[in-house]
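Participant: Sequence:
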Amino acid sequence: MPAPEPPPEADATDDAPAPAPTPAPAPRAAPFRWVPRFHYGGGSARPAPAGLSTTMTTVVITTPAILAAAALRPGSRRRNGG
Numbered sequence: 007m008p009a010p011e012p013p014p015e016a017d018a019t020d021d022a023p024a025p026a027p028t029p030a031p032a033p034r035a036a037p038f039r040w041v042p043r044f045h046y047g048g049g050s051a052r053p054a055p056a057g058l059s060t061t062m063t064t065v066v067i068t069t070p071a072i073l074a075a076a077a078l079r080p081g082s083r084r085r086n087g088g
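With our numbering as the guide, the letters of the sequence shown map in order to residues 7 to 88.
Hints in this document: simulated from the structure, not taken from any laboratory.
Ideal Cβ positions, reconstructed from N, Cα and C, are used throughout, including at glycine.
Please note: incorrect hints may appear among the correct ones.
[Unchecked claim] Computed beta-carbon distance windows for the label pairs:
(1) GLY57 / LEU78: 28 to 38 Å
(2) PRO8 / ARG34: 46 to 56 Å
(3) PHE44 / THR64: 23 to 33 Å
(4) ARG43 / VAL65: 35 to 45 Å
(5) THR60 / PRO80: 25 to 35 Å
(6) GLU11 / PRO33: 38 to 48 Å
(7) ALA76 / ARG43: 46 to 56 Å
(8) ALA36 / PRO10: 48 to 58 Å
Given the sequences, and given the hints that come with them, work out the whole structure.
Facilitator: Quick look at the structure:
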């Protein structure tokens, strides 16, 4: 029994190199997802208290003390008049 002839398409592909198989994509890790815990909860839900801000309260409280300390420093002014 004679060997069957290859189909004409097989002759054309024998000359060209076989295409390289595409590598399977590497498995990717699941993206990181940060879940906030209770102690990371952020600021309180209460509204800010009415009145002066913390900065202004600090300025109002400390300014008289700073001025008094500067005025009472020895040598800040001549006491003997001469």
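Participant: Run every hint past the structure and note whether it holds.
Facilitator: Against the structure, the hints come out as follows:
A hinted range of 28 to 38 Å for the beta carbons of GLY57 and LEU78 is consistent with their spacing of about 31 Å. For the pair PRO8 and ARG34, the supplied restraint of 46 to 56 Å holds, since their beta-carbon distance comes to about 54 Å. The supplied range of 23 to 33 Å is met by PHE44 and THR64, whose beta-carbon atoms lie about 31 Å from each other. The supplied range of 35 to 45 Å is met by ARG43 and VAL65, whose beta-carbon atoms lie about 36 Å from each other.
For THR60 paired with PRO80, a C-beta distance near 34 Å keeps the hint of 25 to 35 Å intact. Against the hinted window of 38 to 48 Å, the Cβ-Cβ separation of GLU11 and PRO33 comes to about 45 Å, which satisfies the hint. Checked against the hint of 46 to 56 Å, the pair ALA76 and ARG43 passes, with Cβ atoms roughly 48 Å apart. For ALA36 and PRO10, the Cβ-Cβ distance of about 53 Å falls inside the hinted range of 48 to 58 Å, so the restraint holds.
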